[in-house]
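Chain by chain, the residues run as shown.
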Amino acid sequence: MSTNGIHVKDLTKVYRVPEREAGLKAAVVSLLQRKHKEVRAVDGITFDIEPGEIVGFLGPNGAGKTTTLKMLSGLLYPTSGELSVLGHLPEKRQRELLQRITLVMGQRSQLNWDIPAIDSYDLYRAIYGIPQEQFTKIRDEMIALMQLQGLVNKPVRNLSLGERMKAEMVGALLHQPQVLFLDEPTIGVDVTMQRRMRTFIQEYNHKHKATVLLTSHYMADVQALCKRVIVIHHGTILYDGDLAGLVGRFSAMKTLVVSTSDMNGKAPDMAQYGNVLKAEPNRTTLRVSKAEAPQVTARLLADLPVTDLTVEDPPIEEIIETVFATPDEIAQ
Amino acid sequence: MLRGFQLFGLFSRISILNEMQYRANFFIQVFQSALTLTTGLIVMNVVFSYTQTLGGWTHAELLAIYGVFFLMSGLVGALIFPNIWAFMEDVREGRLDFILTKPEDAQVLISVRQLALWRLVDVIIGVVVLAIALTQIGQQSSWLQALAFGAALLMGAVILYSIILIASTAAFWSVRVWEMMEMIGSIFQAGRWPVGIYPDWLRLGLTYLIPVAFAVTVPAEALTGRLTPQTLLFTFFFTVFLAFISRKIWFYGLKNYTGASA
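These protein sequences, in sequence, are chains L and B. Residue numbering for the first sequence follows this note's numbering, starting at 1 and increasing by one per position. Residue numbering for the second sequence follows this note's numbering, starting at 333 and increasing by one per position.
In short, the hints are calculated from the structure, not lab data. Since the model is a prediction, treat every value here as computed from it, not as a measurement. For each residue, glycine too, the CB sits at the ideal point set by N, CA and C.
Derived pair list, reagent style EDC-like, types lysine to aspartate or glutamate, alpha-carbon separation capped at 16 angstroms:
(1) K154/L x E351/B
(2) K587/B x E91/L
(3) K227/L x D242/L
Take a look, some chain L residues computed to stay more than 12 angstroms from chain B by CB distance:
(4) H7
(5) A27
(6) V28
(7) D43
(8) I45
(9) T260
(10) N282
Start from the sequences and build out the full structure, keeping to the hints where you can.
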């Protein structure tokens, strides 16, 4: 077990939530005698993250991603299991650990909306005890990287969502943490700014050998940043490995795009080769099972005047969707 | 502790710079304070048109109490309530997570963030009223009395802070805490009169439940030469006790928050 990365073993979090039936009578009864239901938000997950790794944490809403991130950052006590971040037990919230981690939540703002971001940065400098000179240097570097010049002097409430998220990100990294927990950092941000934030995270990771655990609904974020992904569903891990492997394992289908020279209206019925996704004149997109792909390709080449043919994996979004739609069959 | 003061200084500086942009707020505050002061003085005059003393306090002495009351409510309004309010909002909106992931004592952090600058107008008014009252009483306060007054004032503020903090930790369990804060605020209003004039059950409540007595009456007693060393000592122990209890309850609430929140 590495003392510089993240170590998680059999981690479980069970919430006790009050349960009541619909109706006034049940409501009155529940005031006095409350029934509780146990919800296993995280159910025995195990993984290790090496220092410097960027790992994408994928799963539908309610899969247990945020609960796991909160346990890792010391905001929630685990119900059971082992947990270590940089060699510390997060729930103790020791200064040495908190000084070296950061948490960014795309849906919540830590900057004070009434004052300019640059003033909030000054507060973080004091809280983290960053030496003034070092602080100014890092701050100005990050502001330049995020193209926030001028914007950090305006009250945060006057910034656009994208600008605000960039300012949040700078604020969260001023103390140069070694572990970054990023929960949907790019949510609601336009594509250009998403790209800028990705580059920023990449450069930070590269420069500081920082460990990053990222959740995002945007597959573009994951594809650009993460070599490794952990797929979580119903509180358990469905997949842990590289992104390419995820595609190979969960995608039972291939997409064939076949272009032919003009056949003077004598085009054959393409449906005999596979599921037609898109039919254009002299160009057809087919979906076939991975096992049949080689034969279908051979038949196409033999039967038709093919000018071009590509075999592709379906888009990653689609694969993820399939994984979550029928987890039990595929996860076997 | 020292770090706490440093942070307070920095947070305050930023609050002040920010508030300076809204000078209209200053004039609104002055108007509001003047209105409160005038009504208070009129009521007091009406009362003293029927009697010479109230619970053993003369008109001038009561004015001193009123001065302390103004001073204390200014302090609470400028330093304590805005912080507690921000804390409860943070719990409701989940932003407390950002506080809890900072390498600093969370109670210190939530307690030093806000400064409602213009509420300090009440502190100034309180000091002026107090000065006038002392001149009217005509009795020279000794250094010792002044010192006792300062100590009593500080302890009173700590007691109020502890009580308000305890009440606010209810935010960890329930979301409707603001009503409770309003209630504490209204009860605090009772502090403009010496607690001695109230019936026993109310006096006990105002001493131990919502300790208005310690916050206002005791400091005023110090200035008017009524304070016994025993009362001062008792106040000291009570302050330490409440500060300790409130921190325990704070940790208990925090544990509940981190134990169960989603």
